[in-house]
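Quick mapping for you: the protein sequence lines, in order, are chains A and B.
Start counting the first sequence at 1; every next residue gets the next number (our numbering).
Start counting the second sequence at 1; every next residue gets the next number (our numbering).
A few of these clues could be false.
Unchecked claim - Derived DEER-like restraints, expressed as beta-carbon distance ranges:
hint	chain 1	residue 1	chain 2	residue 2	range
1	B	R256	A	E129	42 to 52 Å
2	A	P298	B	E207	56 to 66 Å
3	A	P170	B	S55	53 to 63 Å
4	A	A125	B	M186	43 to 53 Å
5	B	E249	A	E200	26 to 36 Å
6	A	G114	B	Q65	25 to 35 Å
7	A	A125	B	E243	34 to 44 Å
8	B	P110	A	K88	44 to 54 Å
9	B	D245	A	E175	49 to 59 Å
10	B	K212	A	I179	33 to 43 Å
11	B	K212	A	A125	31 to 41 Å
12	A	I195	B	S55	20 to 30 Å
13	A	K193	B	Q65	33 to 43 Å
Just so you know, these hints were derived from the structure itself, not from any lab.
Even for Gly, the Cβ is constructed at its ideal location relative to N, Cα and C.
Now for the letters of each chain:
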Amino acid sequence: MSAEVWTLAEVRGGKIHPVSRELLAWGKELADALGAPLASVVVGSGIKEQSASLAAYGADKVYVADAPEFENFKADITSATLAEMIEKYKPSILIASATTQGRTVMPMLSSRIGCGLTADCTELAIDRESKRLIQTRPAIGGNVMADIKTKGRDPQMCTVRPKSKRPLSPDASRECETIEFAPKKELLESLVKFIKFEAEKSVGLPLQEAEIIVSGGKGMKNAKNFARLEELARLLGGSVGASRMAVDLGWAPYSAQVGLSGKSVTPRLYLAFGISGAVQHIAGMSGAETIVAVNQDPEAPIFRVADLAVQGDAMEMLGGLIEAVKKYKGLR
Amino acid sequence: MKTAVLIKQVPDSDEVKMDPEKGTMIRDGAGNIVNPLDLNALEAALSLRGEHGGSVTAVSMGPPQADIALREVLALGADEAYLLSDRFFAGADSWGTSLTLAMALGRLGPFDLVLAGGKATDGETGQVGPEVAAIMGLPCSTYVSSLSCDGKYAFVRRTVEDGIETQKIKLPCLITVLNDMNEPAMPTLRGKKKARRAAIGVFGAAELGLAKEDVGLAGSPTRVVRINHPKIARRTEFYRGRELDAGFERVVEVLRELALL
Ligand SMILES: Cc1cc2nc3c(=O)[nH]c(=O)nc-3n(C[C@H](O)[C@H](O)[C@H](O)COP(=O)(O)OP(=O)(O)OC[C@H]3O[C@@H](n4cnc5c(N)ncnc54)[C@H](O)[C@@H]3O)c2cc1C
Ligand SMILES: Cc1cc2nc3c(=O)[nH]c(=O)nc-3n(C[C@H](O)[C@H](O)[C@H](O)COP(=O)(O)OP(=O)(O)OC[C@H]3O[C@@H](n4cnc5c(N)ncnc54)[C@H](O)[C@@H]3O)c2cc1C
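Excised from the complex, chain A in its bound form (with noise of 0.2 Å):
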């Protein structure tokens, strides 16, 4: 049999992120190429009982590293452990999200054991012939997709972007295997202090994690009309994005802010209300699968890249969706 495909679960606020799932769909149909067992590694504290949940997502197997230093995040002792668990378990390939963490913890896992490691892949295969993997990823503000393939030492290695695959359906039926791994105690000394997290007072998930995005731009003209963004946002269960112009202007967050110098999302649906459409704004939301934008001028760029594209004044297409959705909802 193959080596195993490993996923790296992402442990958040002491419990397992649904990312982790994702994850196991894509290592599934990797695994499934290959004839290789699924494992999932996770790291973290108090976080055995919950790894065995990661069965029912399609892991034949988890490992886990268990002890109370992996509380909140440390990017030095996480690595240092994936690579002692690396070294003695030999998969072939190891996945993990391009989130925050994942970005953090696998360079450094990438330079402690000498392997390859792609950014933030769209897409992933198994070449037929060489039986390697190949990987998908954005490159150049999404200009152009680079495929890539890792040589030398295995495993080959992959941030995989969130939101590139959903999660296979429960089977509340599987069971894994769980191995625990316990890692030497010189090994979870960490040099980085947890202090303390706040967490973000938005509107609706981060945006990132987002199925809907409500955007506005400075075609929104003012801070108090750019808030009914939010009204809409809420409505549909979605979170509030903003171009850089609508964060310079203190209308939203920095951390709202969609595009090269802010996040990268990938909703089902991206709303541009007043958003000029400028390069760096259209690098962070093109991939969204459905973008409708709405601008007073037919030449933006906006509407390039949108399915539908309206010409008209924002506020009054916001005040209108924000009635027509309560009157959907029976609100009003």
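Start from chain A and add chain B with the ligands according to the hints.
Same frame as chain A, but now just chain B with the ligands:
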């Protein structure tokens, strides 16, 4: 406080050409700039120097013309700059780049703090910072939007998906920054003049003790095997000026199709 800042020169537009054979970027041609986030990193280093004294060293790996990027950061106030340039460095992936940078930092240091951008606008892996840290055995913090130091520790605020995390990291360490960290200053005339005359140290593979098979394309474990230029393939349904009402109805319909209502 001795700080190093990693500076990457990047094309100033995203019309980058790729070499279809090697799968690497063709870096000549169009204009080049300092990667925008690296200017935030530099600004942070300069303000720490203002507060605690010490020096700021800029290090870049790149072709000879990356000299221009380094003169720009010298003009902005960096004390010294080094260019790692060698034909054997060409085509490096993040691993090869990080190894080269780490060797140079080891040789130029020790530093109390190493700063890098969160990601570069061209390759945009965001991997170089944490990779350099791991090679040098330094702790690392990423996605940092504010930073202070007390001589023993760095205190950072990190912007993560669902909030802000505050950490305290033992110096020496490596930190990668986001652009809401600060507002980079503009170069002054005096700075530019000084930068024009400054000496920039240049190191090749041999000076860094690196074998040519360990760096550049040869030493890189990842390889771009194919490049596609995706066409943004959306069929835009367009409602112009007088069709606003129809457009509105369509948006409502789309919301319903997507089962949002
Ligand atoms: C290095 C770099 C990084 C950058 N990173 C980002 C990034 O991450 N994200 C980002 O968004 N930008 C980024 N930018 C900035 C980007 O280039 C644009 O300046 C910015 O996206 C413009 O924001 P906007 O669309 O809100 O404003 P504008 O470009 O000013 O557009 C406003 C739009 O509103 C329309 N409008 C006006 N009135 C109305 C109305 N009543 N109804 C409907 N429409 C109306 C106008 O027609 C116009 O199209 C970056 C720039 C640089 C140089
Ligand atoms: C289409 C394409 C896809 C690629 N995909 C991958 C991939 O998946 N994995 C991989 O390992 N490589 C990949 N590469 C190669 C990678 O881009 C290069 O190795 C590059 O040198 C690293 O750059 P980056 O833009 O990714 O840097 P980032 O890691 O995004 O840069 C972060 C920071 O590191 C510092 N830094 C980066 N490079 C330098 C430098 N040369 N000198 C000084 N400081 C620097 C800067 O402070 C910068 O802000 C790819 C290249 C291309 C063209």
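Here is what the structure says about each hint:
no., hint, verdict
1, B:R256 <-> A:E129: 42 to 52 Å, "holds, 46 Å"
2, A:P298 <-> B:E207: 56 to 66 Å, "holds, 58 Å"
3, A:P170 <-> B:S55: 53 to 63 Å, "holds, 56 Å"
4, A:A125 <-> B:M186: 43 to 53 Å, "holds, 47 Å"
5, B:E249 <-> A:E200: 26 to 36 Å, "holds, 35 Å"
6, A:G114 <-> B:Q65: 25 to 35 Å, "holds, 31 Å"
7, A:A125 <-> B:E243: 34 to 44 Å, "holds, 42 Å"
8, B:P110 <-> A:K88: 44 to 54 Å, "violated, 33 Å"
9, B:D245 <-> A:E175: 49 to 59 Å, "holds, 57 Å"
10, B:K212 <-> A:I179: 33 to 43 Å, "holds, 42 Å"
11, B:K212 <-> A:A125: 31 to 41 Å, "holds, 33 Å"
12, A:I195 <-> B:S55: 20 to 30 Å, "holds, 29 Å"
13, A:K193 <-> B:Q65: 33 to 43 Å, "holds, 42 Å"
Checked against the numbered hints given earlier, this structure breaks only hint 8.
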